[in-house]
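Quick mapping for you: the protein sequence lines, in order, are chains P, L, A and R. Quick note, my numbering runs 74 ahead of the 1-based positions in the first sequence. Quick note, my numbering runs 74 ahead of the 1-based positions in the second sequence. Quick note, my numbering runs 74 ahead of the 1-based positions in the third sequence. Quick note, my numbering runs 74 ahead of the 1-based positions in the fourth sequence.
Because the hints were derived from the structure by calculation, they are not lab data. Some hints could be false.
One copy or any two copies: either way a pair holds, since identical chains are not told apart in the list.
Here are the simulated lysine to any residue pairs, SDA-like style, with alpha carbons at most 20 Å apart [what the hints assert, rightly or not]:
id : residue 1 : residue 2
1  : Lys-416   : His-238
2  : Lys-416   : Arg-355
3  : Lys-125   : Asp-201
4  : Lys-189   : Pro-405
5  : Lys-297   : Arg-119
6  : Lys-125   : Lys-404
7  : Lys-404   : Pro-103
8  : Lys-379   : Phe-300
9  : Lys-125   : Asp-196
4 protein chains.
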Amino acid sequence: MIWLNSDYTQGAHPAILQKLAETNMEQTPGYGEDVYCEQAAELIREVCACKEADVHFLVGGTQTNTTVIASALRPYQGVITASSGHINMHEAGAIEACGHKVIALAGTNGKLTAKQVADYIDWQEGDESREHIVQPKMVYLSHPTELGTLYSKQELTEISRVCHQRGVWLFLDGARLGYGLACRENDLDLPEIARLCDVFYIGGTKVGALFGEAVVITADELKQDFRYHMKQRGGRMAKGRLLGLQFLALFEHGLYFEISRHAAQLAERLKDAFVELGLTRFIDSPTNQQFVVLPDAVLKKLREKFEFEYWERVDETSSAVRFCTSWGTKPEEVEALIEELKRQTKCEG
Amino acid sequence: MIWLNSDYTQGAHPAILQKLAETNMEQTPGYGEDVYCEQAAELIREVCACKEADVHFLVGGTQTNTTVIASALRPYQGVITASSGHINMHEAGAIEACGHKVIALAGTNGKLTAKQVADYIDWQEGDESREHIVQPKMVYLSHPTELGTLYSKQELTEISRVCHQRGVWLFLDGARLGYGLACRENDLDLPEIARLCDVFYIGGTKVGALFGEAVVITADELKQDFRYHMKQRGGRMAKGRLLGLQFLALFEHGLYFEISRHAAQLAERLKDAFVELGLTRFIDSPTNQQFVVLPDAVLKKLREKFEFEYWERVDETSSAVRFCTSWGTKPEEVEALIEELKRQTKCEG
Amino acid sequence: MIWLNSDYTQGAHPAILQKLAETNMEQTPGYGEDVYCEQAAELIREVCACKEADVHFLVGGTQTNTTVIASALRPYQGVITASSGHINMHEAGAIEACGHKVIALAGTNGKLTAKQVADYIDWQEGDESREHIVQPKMVYLSHPTELGTLYSKQELTEISRVCHQRGVWLFLDGARLGYGLACRENDLDLPEIARLCDVFYIGGTKVGALFGEAVVITADELKQDFRYHMKQRGGRMAKGRLLGLQFLALFEHGLYFEISRHAAQLAERLKDAFVELGLTRFIDSPTNQQFVVLPDAVLKKLREKFEFEYWERVDETSSAVRFCTSWGTKPEEVEALIEELKRQTKCEG
Amino acid sequence: MIWLNSDYTQGAHPAILQKLAETNMEQTPGYGEDVYCEQAAELIREVCACKEADVHFLVGGTQTNTTVIASALRPYQGVITASSGHINMHEAGAIEACGHKVIALAGTNGKLTAKQVADYIDWQEGDESREHIVQPKMVYLSHPTELGTLYSKQELTEISRVCHQRGVWLFLDGARLGYGLACRENDLDLPEIARLCDVFYIGGTKVGALFGEAVVITADELKQDFRYHMKQRGGRMAKGRLLGLQFLALFEHGLYFEISRHAAQLAERLKDAFVELGLTRFIDSPTNQQFVVLPDAVLKKLREKFEFEYWERVDETSSAVRFCTSWGTKPEEVEALIEELKRQTKCEG
């Protein structure tokens, strides 16, 4: 069975396991106050070209989104997201559990536009009853989005401008950031993201680590007492060095970019094959999540050899599905899928 | 100046003030444990033909919605509403502040359909990742809605069936309930509402009282420890008898229905005049809120003599506005508006 | 039956009812944005000699405490109180429901000392694990306290200094403020309180109003967006003028001070009688709540004619009880109690 | 430098690292729905002799306490703890952030008594104003406590009886459970704990794992929808198998008990040495945390070679400190400490 259903089915890149093993019996202070976290934070500041940023390490995405958002908002403030955003759909109400409204705007392929954001903020601010309406104080983007799409440099720059003109924080969820930065259509990089956003995170869980997300805070006002928030939300790992060590392994020799590029190339290979085979892409994603529409009969056959994710029904006889590549995907696995698709779609034809 | 902008611009019906004055120097226990609250609750049980219901009195609508919803849900559960619902738009995130997601579905004229509700609940329940998605456990309707529209008996019956088949609570916000029950198109009554809903409230603030909402809980599971929730949400009034006395005045001789009918008739008079004058109604509301589209030039003139609520821009030269009648509106005020509209729209033509 | 059990058993001072009646059919904007609220706020700023203060009106004490505290704290911050404080004991967890720890320190007769407060703040700030400990960011005092006791000017000045040196807000709950200011042992006044505290409230519910508390915010940082907080906590009354009107009645001709003095004098008369009769005071309260220890046999007799509050058992044959005077207590009611006590204690003796 | 300051300074027992390495490139479903979590849960049910228990894996202690408590309580309910309890002192208000009061009772050496618990519950239930007081609905114990002390079988049985007679949940925090069960004074075992408690957890983070706590839920009512709560509190690890694998390693061949015994024996060796040297124990702890009073001059010397935790000042010239043993402590490290203490205390004498 070949697993292409998600990007977190395996453990960690061997370099990470090795680092954990090498340092296993060392003794260090807890809660992220060790030398490895310090080194990893410094490395991340460097790759982000942002010397003044605060860097903190958390275990997973929902925890990170919750901690960042809850730390930035006052009780009557909410966070704007595309309705497909992870915080709106797949965190079991974690943001609301901290007391904040998730203000969901209809996205296009998972993305918001600067105009949409500006219009909403201006509408609330201008309303006579504004004190009865949740005040939007943060914009949450994911990059890549839940649908694998990307913001261009221009798009992100415009959203950033809209936010900052209005005193609204910009937060970028980078759970799959590596896979976005490494794909051929991308025109953003970490320094640009650090410059445009007030806070963002570099995802480890889906990009080679056992677990871990590195939060980068560039806005001074959001830095204060962040560790209190982390503790309160259950996000200060006792053996915090496990996080520092993993990000050290990912960033000390560029491993993060290398394995991201690996996954991106395999996704591009797959995408090119879809085009070649004349398959309908459900969403035109440039990143490691590829969405394609296939006849149900083909899917049934595919399921014998492949794990993939059913997305949604398209019409009576066909459905959209998602294939993911990751740091751990082997080229031959992607080739096997392409071969099978060739065979199956030929039969269909 | 004639005020038709909302239904809470005045004090209370004189009968209510009189009752407060008569009992003013009596001494009673606090927090709603007095004989007047008891009598008012009993009266309400009678008019609802629901002997087993629990009846509690709260001060205002947001407080009532918050207390009811927070008392009914577990942390990972949310409440479904039309996106125009008061809890979604105009409570400054009060529900989210209690930790719960407001699940906003696109309404039609402020209303949800049974199918819409069923589809949403079934989708969440059927999703593989359902434990990552907020569980819908309550449906919130307002009747009349924010847009003045009403559920028919059949519509409410169907929504009730959908909810109860799926173990989901049905909560009806009756901030303007009197005005709905009293209008000519209505085919619901209090006993029917009590039978179909698990919890609802009879609004006093907008229907003759100084303030006050009477919560009627028919579902046994929702009755437990409700007073604890009231206290925690700041909703147990020290001199609770003020609430009991007001509802006593409203219900002991049918005053609630009488003054509601008064407002409904004036609204119907206004609506008929709109039709007669060939004005475009923005929403076809059968209740005390009337929405009409008028040229901006006319609105400018009207504003010299009338208070009304600007709703939204319709096109470059005209806008939708809202006129409200209430228990305190005088027939001559409505006639004055009609006369003015006649004059203005003639000028326009 | 003579009721001396609490200070909220009756309606309102007649001047208040009259004002409500006189203005009843006037039409005003809602939510506290009317001219009466404006006038009342201005009057309060004057009596507090604090032109720059923001004044807001809320309905009851728990709502007020919740809104003020939730508006001032970040999620990881807590509020220090004497363990007998209302927010710790009698608000059903309203503060915690907003996410904040109530940090209860052992009080002495319901009071905290400046040293106690300083020591706690310094301990947390100095602890190596301080990021794991709730950060104290507000001190909550009630004046008079739950036990009727008062802070002297010197005590309040010292607590204020301790707070402000450490960047901690000082909040004074004045649910019974009038009764404190009016008693013979008091050396504080409203301007002094406004100068020493960052936020406090002047209680109406227990001092002549039907309901209502006037929040006075002197610290600029706490003023921002307070109305959003009020709305979110269910505390913006639709017919907000009812609050403005009541405080107008209380403050336009000094009624608040006059009726407070009335209650204070009756309490002092009662206290002097306790001393004269040789009764043991349970707490030496200078204000309208008088706590005395009586033999259970005497209490049984008293109960036939008087309502009072059982406080706690003192020993096998005697208990502490509370008598309250209020704006509505008649001198003859207090005399009747004193007569009865004389009779009963003579019998006992 | 020899580190005896805490029990989470090192990585994991080598058997755990090995298991992670062996399975690293396997592909499994996420979020704890893999075969390793299933096997580990089954093993834990076996060692607890509790076939019907639900077992879930979380990452850390604060997260576990928060998720368990928030899942069990309604908004107006609170959890009783000794005031030294972790949830009261060292979780930055995580429980309050979920809306619940932590009801702190004065403990004795970190422990509560059955009488104390019963008295508190009965007082609240019996109070006339009970609806204004947070309802105690759960008792939280840690075993061992924060001070290293243990409940005896009889004590735990009595507390369990008190809770269950009153419909109150009993929750046992077992962050250091292994070290408690393995010490010579202990008379409890896992089946007994599972029988007496409604929910408890077996700590991995401090007992040989990289991280991880295994929650065992025996009360049916607490089982429902627990995974939703986990997700909402950020506690469903994407690569959940990492938790399953670690508990598998700990329980498949009794490693958990073996390494706990190792730490317990070293602690006992240390404790015996304290007695022999005539040192004053600050608390008489039977487990892996040993508290002793030493002259400040001795501490200064010790600090050159040893890491330990400063606890509190005892008098002008001496202080209490904590030494911890763990699964990773070497016997020679403890011997070195004993030697040094001998040397230092002789000098002193």
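Violations among the numbered hints: Violated: hints 1, 3, 4, 6, 8 and 9.
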